[in-house]
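Q: Residue numbers (the working numbering): 479 to 1472.
Just so you know, the hints here were simulated from the structure itself, not pulled from any lab data.
Mixed in with the good hints, there may be bad ones.
Below 16 Å or equal to it, Euclidean Cα-Cα: the simulated EDC-like pairs (lysine to aspartate or glutamate) are [said to hold, decoys possible]:
id: 1; residue 1: Lys-1422; residue 2: Glu-1039
id: 2; residue 1: Lys-1069; residue 2: Glu-1039
id: 3; residue 1: Lys-1459; residue 2: Asp-1404
id: 4; residue 1: Lys-1031; residue 2: Glu-661
id: 5; residue 1: Lys-629; residue 2: Asp-662
id: 6; residue 1: Lys-818; residue 2: Glu-850
id: 7; residue 1: Lys-809; residue 2: Asp-1033
id: 8; residue 1: Lys-791; residue 2: Asp-662
id: 9; residue 1: Lys-816; residue 2: Glu-850
id: 10; residue 1: Lys-809; residue 2: Glu-1036
id: 11; residue 1: Lys-548; residue 2: Glu-603
id: 12; residue 1: Lys-568; residue 2: Glu-512
id: 13; residue 1: Lys-811; residue 2: Glu-850
Here are the computed distance ranges between Cβ atoms for each label pair [unchecked claim]:
id: 14; residue 1: Thr-501; residue 2: Ile-639; range: 26 to 36 Å
id: 15; residue 1: Lys-839; residue 2: Lys-1459; range: 24 to 34 Å
id: 16; residue 1: Asn-640; residue 2: Pro-829; range: 32 to 42 Å
id: 17; residue 1: Ala-837; residue 2: Lys-773; range: 19 to 29 Å
id: 18; residue 1: Ala-771; residue 2: Lys-712; range: 39 to 49 Å
id: 19; residue 1: Lys-1040; residue 2: Glu-1196; range: 19 to 29 Å
id: 20; residue 1: Gly-492; residue 2: Ile-830; range: 51 to 61 Å
id: 21; residue 1: Asp-1075; residue 2: Asp-668; range: 29 to 39 Å
id: 22; residue 1: Lys-993; residue 2: Lys-1449; range: 25 to 35 Å
id: 23; residue 1: Asp-868; residue 2: Ile-830; range: 53 to 63 Å
id: 24; residue 1: Asn-714; residue 2: Lys-1069; range: 39 to 49 Å
id: 25; residue 1: Lys-1069; residue 2: Leu-716; range: 49 to 59 Å
C-beta atoms are modelled at their ideal positions from N, C-alpha and C, and glycine is treated no differently.
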Amino acid sequence: MAMLAGCALQKQSGFNRDMQNLTTHFNILFNAREILQQKQDSYASSFADNYNEILSVYQDTILQSQTPDKDLEAAISKGYNIINYKDQSKYIGDAYLVLGQANYLEGNFYNADEFLSYVIHNYPERKDLVRDARIWKTRALIYLNQLPQAKRVIDSAIQSINPKKKISADIYATKLQYDIAAEDYKDAEDMAKLALKYCHNQNRRLRWTFILAQIEELNNEQVNAAPNYDQISKSNALFEMAFNASLNLIRIEDNEKGVKIDRITKLLGLLKNPNNKEFKDQIYYQVAQLQMADKKVDEAVKYYNLSVRTSIKNQSQKGLSYLRLAEIYFKNKADYLKSKKYYDSTLTNLPINYPGYLAIKKTGSNLSYLAERLQVIAKEDTLQALARMDEKTRTVVIDKMVNDNTLQQKAAAAAAQINSTVTASRPGGFRTASGSQAKGGTFYFDNANALSQGYNDFKRVWGNRILEDNWRRSTRGAAEASNNTAASAQSADPDAPAESSKTGKSSATASSYRKYLVDALPLTPALLTASNLRVYNAYIDLGDFYRDILQDKKDAIEIFEKILSRFPQDSNKPAIYYNLYRLYSNIDPAKSDYYKDKLLKEFPATPFAKIIIDPEFARKLEGQDAEFTKAYNDLFDLYADKKYNEVIKKAPLLLKEYPGSKLSAQIFYLQIISQGHNEKVGPFADSLQQLIKIYPNDKLIVPLAKQHLAYISANQNEMLARNVVIADVDPRDIPFTLAQENKEKATYRKILKPYIFAAKPGERIVEKKKEEQVRKPAEAVKTAPKVDSVRAIAQVKAQKITPKTDTTKTIAQLVPDKPPVDTTKTIAQVTPPVGKPAETPPNIAPVDTVKTSQIVISSQADPDALKAKVVMPSIFSKGDSTNYYFVVNVTSGTTNLASSRFGIGQFTRANYAGNGIKHQLKVIGDHDQAIFVGLFPSLEKVKKFAHDIVPLLPDIMKVPKDKYSFFIITKENLDKLADQKTMDSYIDYYQNNY
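Sequences are here, hints too, so could you generate the full structure?
A: Below is the structure:
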């Protein structure tokens, strides 16, 4: 009978439906929802809030663990049970909603999106299900950083609200979370008020009230924020939230009953409360913030350091204090070495999901790049200010600068001496990490007897050695030994540091420093022009870097406006105007219109003005560039086929047809090299001299031409003996070199038949995982989501267009209208960092940074990335740290890259001759060709190469800009690139790790 009853339950009948509805609703579905609610409560209780940023509306997990959560897996299992075995019940849609919610809470946001989309599309009659699915889907899309899609979904949920029925506060709360992510704080304030209006949960009301106060503060509505903070501080909220509400209230209050409040005193008064012991770091941080607002930098540094030292458990606060110190030492004190250390500490303490974490990481890793440019500006400004002084005043100021430099060396030497003395005197003075004298204990470093015995054993084996580099070596070089002992010496020379009396090294250093200052003074118009050029280029690099790499619009605006004020006759002013027009567009529309109007009025004929007037101009310009590039490639094909006479004939025609093009020097070079196969060395050398004279600012061909002339000069007898200057040379090789990279023939791929692509141009085809077999209702089988499907986030960048500039002036002609340094003040009162330029290459990640003279015009939206991306396992690693390549990847399997490879060869021959660098071609799948250049022994070396070649890639690559990209890769990871899928995977890995 039991068997018959079991079979009967699977039949379509009213009784079976009722029984399945009963058991599903009050058993399986109830338990699944209880699990989800308990998991949310668990997340909320363990969620670490960062009160220095806007709180998260929901206290969710944002990290995806490799180990499945057993509770959430149980909820998922119950959802599948309903779908597979309760197919007659009316709760199938609820089961899919459970699957979506459980996957979201487990961090599987792709799967969550699939299940929730399925609910929305297949159960439109269930308004409650669709509403909840839209809410959770929006939250998943926010974590996936798909903000436009998230906005569409939550807007649909808001439009579907029925005012006659109960309204869910979660709709407005989710829209609030979206607005915070999109930085739309005006709308966020409205959403927070609506969410509070319909919220009946006391804990949520307190949290959302705090968030509302934070948003009102951001909207400069301190009058409205203060009562909300006051309400939280007097409520039964968690102590930490109430404390931070009090802290924020003190910070924003300016007046109380007409009497000015000493906010710092009030903040420090909170330290007396023993209940605030765990929050000392936050108190000190707020005090430091107020000191910085009053421009008391040294006092701010003091309290930021106190915040770091008193931090007990709040790692985010500790990291934030380190970040402020890093910024101060970088921007205010110009101590870039110390700033780099603070940036490293920041990254160690801040969680990877901290808003702006990637920008902080980029700033820290590229600090040397920024520092180098800032040092150039400071040095040149100082030298120009000295040059404007009369001889007597200049001598006095230089004397003071030399003296200050000497005192700095003495202070550094004294610090080193103290450090070595402390190290040498350690035998009887072991201390614990907290600074207290070590006592007896089970832990080795807390046991004085064990420490003493260990020291004696060490001394018996190694002797009495100072803790320093290479301490194991009993004998060291004379220079090294003298460096270790020189710290204790004194010098009678007032210009020499204390440790150099025996060697006289500091005296020499002081003298050389004085000589350097005198020799570097720009006392002639030519030297002043060169100095201005260095300053200008440094500012341009900074502006491009802030705009393109750090995506810091405010700093980029400040730099570009400084260029306009300092160099009013800049021939690249149209590019600067366009830059400011774009940068201000989302910050200050009025300023954006101001620069747009200036551009259209003063430079209406430039490409920058035309692209504003005619949106189709960029497309037309691209067509012209494509036509010209094809003409150049045709000319190169003639050269590669050794049809030199035709090259000599057609090159002048091409130069005449496209005057002033970016490839003019390369066309003329092909003509000269072709002539070299028919003429002696004299006319050939004259042609090279002519090329250098016509194109003095070309950075690709001119260095190569100069190198050819140097070779000819060094081998005159041999060259004069030749009937023709170039003979029996492969045309794809660079003349006068046997560099191995040019022995590798450029692959010339003929198209045998048309290729048929399944995807659109540039589109990636992502392989999806196989669908898991799940029983679903018959009417919904075709549209059920794949259980294990994971959809890649397509990060499609807007096409970059580089309009041609018609500027004919060179920046060397620029002279600032007003002096960059106020000479009415004594320069001795300022201590600008003047010193020898760094010899180490800048630590800059290779990025598509285009000089302002070739400014990128694009419609690319600003990234909204407040949440961390889900980190997926990768086949790539950083294990190989000694073999690096620079790669230019072309997303076309049929494009002839011979001319582009020839251009790369020209660059490496002119700039990296003798380094053993060669370029090779690797075909990856059907749609990618990678030109990889190397090997480089270190990441620093390949970054330096990238920094040098990237600005020239638009001239080197004879393919459209949207068809190629570039990156750095190790040899180990390069070997793993086998197809389109692995290439896409590495690009994601590269963006996250470099």
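Q: Determine for every hint whether it applies to the structure shown.
A: Structure-based check of all given hints:
1. Taken as a hint, the Lys-1422 and Glu-1039 pair is broken in the structure, with Cα atoms around 28 Å apart against an allowance of 16 Å.
2. Proposed proximity of Lys-1069 and Glu-1039 is supported: the alpha carbons are some 12 Å apart, at most 16 Å.
3. With a C-alpha separation of about 11 Å, the suggested pairing of Lys-1459 with Asp-1404 holds against the 16 Å cut-off.
4. Straight-line distance between C-alpha atoms of Lys-1031 and Glu-661 comes to about 15 Å, which keeps the hinted pair within the 16 Å bound.
5. Distance check on the hinted pair: Lys-629 and Asp-662 sit about 12 Å apart at the alpha-carbon level, within 16 Å; holds.
6. Under the criterion of a C-alpha separation no larger than 16 Å, the hint pairing Lys-818 with Glu-850 is consistent with the structure, at around 13 Å.
7. Between Lys-809 and Asp-1033 the alpha-carbon distance is near 11 Å, which keeps this suggested pair within the 16 Å criterion.
8. The hinted pair formed by Lys-791 and Asp-662 fails the criterion: a straight-line CA distance of about 32 Å is larger than 16 Å.
9. Taking the CA atoms of Lys-816 and Glu-850, the gap is near 15 Å; set against the 16 Å cutoff, the hint holds.
10. Our distance criterion of 16 Å between C-alpha atoms is met by Lys-809 and Glu-1036, whose separation comes to about 13 Å.
11. For the hint linking Lys-548 to Glu-603, the alpha-carbon distance of about 33 Å lies beyond 16 Å, and the restraint is violated.
12. With a CA separation close to 19 Å, the supplied pair Lys-568 and Glu-512 exceeds the 16 Å bound.
13. Under the criterion of a C-alpha separation no larger than 16 Å, the hint pairing Lys-811 with Glu-850 is consistent with the structure, at around 15 Å.
14. The supplied range of 26 to 36 Å is met by Thr-501 and Ile-639, whose beta-carbon atoms lie about 33 Å from each other.
15. Restraint check, Lys-839 to Lys-1459: a C-beta distance of roughly 27 Å satisfies the suggested window 24 to 34 Å.
16. Distance hint check: the CB atoms of Asn-640 and Pro-829 are about 40 Å apart, consistent with the given range 32 to 42 Å.
17. For Ala-837 paired with Lys-773, a C-beta distance near 25 Å keeps the hint of 19 to 29 Å intact.
18. Separation of Ala-771 from Lys-712 is about 27 Å and departs from the stated range, judged on CB atoms against 39 to 49 Å.
19. One distance hint, 19 to 29 Å for the beta-carbon pair Lys-1040 and Glu-1196, is violated here, with the actual separation near 53 Å.
20. Distance hint for Gly-492 and Ile-830: a CB-CB separation of about 55 Å, consistent with the stated range 51 to 61 Å.
21. Range check, Asp-1075 to Asp-668: about 33 Å between beta-carbon atoms, so the 29 to 39 Å window is met.
22. Between Lys-993 and Lys-1449, the C-beta spacing of about 46 Å breaks the proposed range 25 to 35 Å.
23. Taken as a hint, the range 53 to 63 Å holds for the pair Asp-868 and Ile-830, whose Cβ atoms sit roughly 57 Å apart.
24. Evaluation of the 39 to 49 Å hint for Asn-714 and Lys-1069 yields a pass: the beta carbon distance comes to about 47 Å.
25. About 43 Å separates the C-beta atoms of Lys-1069 and Leu-716, a value inconsistent with the hinted range of 49 to 59 Å.
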